[in-house]
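Asker: Following the hints, complete the assembly by docking chains B, C and D onto the known chain A.
Residue numbers (the numbering used here), protein chains in the order written: chain A, 271 to 578; chain B, 8 to 434; chain C, 73 to 311; chain D, 439 to 749.
Rather than coming from a laboratory, the hints here were simulated on the basis of the structure.
Derived, one-sided and incomplete: chain A residues facing chain D with beta-carbon distance under 10 angstroms:
#1 Ile364
#2 Glu369
#3 Ile376
#4 Leu387
#5 Thr551
#6 Met555
#7 Leu556
#8 Thr558
#9 Val566
Source: prediction; values computed, not measured.
Beta carbons are placed, not taken as given, at the ideal position from N, Cα and C, and that holds for glycine.
Each chain, written out:
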Amino acid sequence: MEFGPHLMLAMLEGLVQASVLTLTALGLSLVFGVMRVVNVAHGEFFMLGAVLAWWITSMLGGPAAVGFIAALIVAPLLVGLLAGAADWLILRRIDYDPERTIVATIGLLYIIQQVTLMTYGPDAHPVAPPFNTRLALPWFEWGENGFQMYWPWGLSTTSYKLFVIVAAIVTLIGVWLLMAKTKIGLILRATQLDSEIAQAFGIPVERIYALVFGMGAALAALGAVLVVPIQQAHYLMGADPLLLSFIVVIIGGLGSLRGTVVAAVLIGMSDGIISVFFTPTLAKMLATLLVAMVLVYRPQGLFGAKAA
Amino acid sequence: MVNKALPTRRKILTGMAAVGAATALPDVTRFAHAGSHSAPIKIGFQVHRTGIGAAYGRWYERTTNAAAKVINDAGGINGRPIEIVAEDDGTDPKRGAEVLEKFANQHGCDIAYGTLFSHVVIGSAPRAAELKMPYFVVSEGHHVASGMLNRYTLQPGITDVKSQVQAMAPWVASNLGKKITMIYPDFAFGHNHRDFFSEAIEAQGGEVVAKIAIPPTEASFTKYFPKIPRDTEVIYHVMVGPSVLTFVKELGEFFGPSAPAIFGFVDSLEAVDFATPGLEFLEGTHFWEGMPRYVQPNQTEYDKFYRAAIGIDENGASVDDPKDVSTYAHMFGCWETLFTIKDGMEAAGYKGIEDRTKLIEAVEAITDMPESNEHPQGAKLFNGKTHQVFGPQYISKVEGGKLMVKHTTSLEDGFYPDEVDYTTQSF
Amino acid sequence: MAAVNLLSTRDLSRNFGGLQAVQNVDFDLPQGEIRALIGPNGAGKTTFVSMLCGRIPASSGTVTFQGQDVTTLPAHKRISLGMAYTFQITSIFGNLTVFENVALAVQHRLGRATKQLQTEVTTALTRVGLDRRADQVAGDLAYGHQRLLEIAMGLGQEPKLLILDEPTQGLSDGEISEFIQLIREVSSNTTVLLIEHNINVVMALADRITVLNFGEIIAEGTPDEIHANPAVQAAYLGG
Amino acid sequence: MKKSLPLHLGLIALLIALQFILPVYHHGVLARVMVMATYAMGYNIMFGYTGLLSLGHAMFFAAGMYGMGLSVTQLDMSIGPAFGMGILASLLFSLLVGLLALRTIGVAFMIVTLMFSQTIFLTILYFGSVTRGDEGFVIQQSVRQIAGLDLSDPTIRYFAALTLFTTVLLGILWLVRAPTGRVLIAIRENEERAKMLGYDTWRHKLAAVVMSGTVSGAAGAAYGVLFGYVGASFAQVPYSIFPLLWVLLGGAGTVIGPFIGTLFMFYLIDLSSGITDAYMLVVGVVLVLLTMFARNGLMGIVRERWAKWLP
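Bound-form chain A, shown alone:
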């Protein structure tokens, strides 16, 4: 394929990835920002979202759209509740000690993953997209007889992929409004600034933490529900989202929501774009190394304050 269209396609793909990644990473970042702990089980909450989506759609049957909308609402809710419970039962009891939390959530990771294996099984299952028409895309070129439009071979996307991008943006605006405009958002930001003071002002910090942990997981699950019609639900699918969200959160600057969003788009896109220039595995290698190096020479991330 010619370079131009190839690049455009890669960027389109990157954008879809970035959208899902943004939601997932946002969850991780929220948890880190407010609670100052790293949730290693985050990827498994993502996986649960996907698995639940499959389960809900296959239980409901009927037209794809109905099941999908149901999944879009129910799956994040259930995952959020589960995470909240986990926080209440485990993290609260180890008083959110950063290192112990990491170990505990590694444990949680295995528990969720293995219970899924025992119940849902080892196979990958697809979820039918509510709609999915192939859209061929045009390309413009300055030919000998002026500016002309043509339809390059293979340059296309699907209506659903576009929907994913839109849905992600809508969710982002929602989260932003929640944080910036509502009382709960105010409380969250207060807790983020200084949990002791917040406590002193009568904010039930423990409950807030459970809520935040739940919200974080729910965001991951939401991202997963959006992605299952493109990929499939599988009990090992949590690893990559976890790694990528980690990267995004760090690059974006721990706890900085704005940074997280920018970084997610950056990472998602670069993954697509780098793949244009290198063989796939080499691309992955370089991308990983690149991020590691960014961290080494700018530990506070690209957008984070030195303090982070």
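Answerer: Then chains B, C and D, alone, in the frame of chain A:
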């Protein structure tokens, strides 16, 4: 929370457990006449219950238990029942080796058998040799015939990838096209396809115009497809792992109406239902099959028997859950291996672990395996020198969402010069 | 003895973002002296001493120790040259025993000579009266004792210059008088620079006093001179 | 202090005795456990004693393993020198990683190590023509001979593993009582203070990373030598998590903790895999319970309750 929601899945799991129990504790009375020898022959079964290979492992286990039941119902081996001692290897080489030690030293198994993924086989094989325990693998890897392993490791149930791939080349070149783009996973299994097929297709006057290796953990593929050259006549795809379905879907979405000929290894869709939405575009494309998943018009009695024994319907899915599609193109290897072990043990007059080397020699002596209930996939030729079996391969076309066999390769298509002679190695 | 300057700074400044925490400080500390550094909260005392021992890099200016320019040396090198610093907020190895805490201070000077280690640690602990608590876990000590442990660690280093940041904070009157006694002994072979709020302690110990306000030295002199200095009083009343 | 040496020598004596009395299966298990415990001890130098939490230690294990393995397959070295190459490789590599990763702290350090490790895994796949990618390769039994001793022979394997294990165990026992070791502990407890006592904490941390990486690499090389297989799965994330798990279980910052943890966890998995497919579930539960009720691990409890002197 989830398990309540998955009755069918649970039924299968418990169902499997039941079969497992049935074979694990054979009805001893039936063997009472055999007197002192009625103690069971223990076969250690290394199975991918967890990890990336679990989807295959589940079906390997069902097939194995079914075959064991057939063997026991027919009076076992040398008048003794066989007992399958299954241990999960987690699809991990280290655990695989540990499991072999467990078979040999704790369970007191006579032999070890099973497992698909090459890295587990290669990680375990050295231990098998050190434990002097015969190790029958069902991995379709070239590692056995390549001479990398040892005299205790044999693959008598399934043709290796080198032979499979080589057998495809003539038909592909003469029926689909000569300019080929290969898409394969960027690890050893994929590299085998890349190397062996490139070689074979060039021998047919064709050429591989592009080789696209996909990193193992990849979950979205569209961004790689632009690397497919315009003049490609055939796309050759072989993917494994949980994201295979995405791969095939996105391939379809990428090309839309104007796709080149597509030839795939059914590995890309093992355990996946062809009726899945998004796979329509595969209609009319071709696949390699180790054994035809869908019942063919000319179905043999042997295939009928085999399906019935495991509980598989005419679409290659579980009879108790038509959505639960089997890994039909590979799992026959377990069935046939067990029967080859039976033949070997009977030929060797196998009594106990002191006869292990006799067993290996007996199996090495086997050549022809006629098509039968024991070998439902087709007549095979076993090469005792390379410890590798050679069987027919099937090329099927997707018609009406079903795979219909168009061509069956001859054994000769898959032959290649020996790369090792294990029989010259001492025990 | 002739007043050789052990430590001097010239034009020493530090700003955090826009804020000038310390500006253009010229400061001389003669060998063998006990110098008190006082000033209202936020006057930049801790920032200043932190630049002396290298915890915080200087924005500009120089620090000279024993005639050697140490401005660019990292903290651990300056310590090795003979500085010791005890933290304002108690900073000890909470999970280690009292003995191990001091041992770490002594060890750096002695290297491997373990016999000597034993005796020197015990001496240091005896001087602050913690010898009987040698095997306690430092974290379990009462606050006052933790302050004393800090000082013991300082002594253990046998520094040429001992910088004490509010050492008597949280000590009982009894402990304070013991502390004053201790510092008098120490000063026989060690120069002492202490930041102190307790004016009695200052008056009892200091040979000279330096007053810092808004990051600048506003006065320096004997206790009496400082006592009489209107600028100082203004600073405190104003501050 | 006086009590600890007898204890550890006692353990070694016990291990020697066990070689003669253990049933064959457990004999083989123990040999492997000693190799993996060496890996865990290496991890403990960084995590347990210096307080550096790495999530990418598999890269060091793999560096040693492939350094050894490739020296055999590519350079036709005999097993002894190849083992040396493995150690050398992990030493140089851990030095490089230390120089880079130590620029970061806390969570960033964890992620950086994680990502370096991921890069190593991908590198192994990328150079598949040499490394045989995920499939890995066999170190032939014929090659695994040292001074006429067949390393695949159970008894010899056992003693080879025991030798490695003992060397590292005593080495670490010496280290933690030596000045350097005390400083590492000081850094773990309060780095700022250690600095203000005149210690070059960065150098000490670098030393810790190199020691830790090299020991881990030696374990990796030993696995390849003793069990005849070199593969990429050892460079994947789970093999970075395991040493953390073993050390936490046995007791971080104790010398025998890693061994206890590795042994305990092996049998936990070995037995539970008989009961359920999802034996990793057991691992998860254990981890959670540990953090909730026994943050200092088994040996940590022993130390708190009975033996304050336990190094």
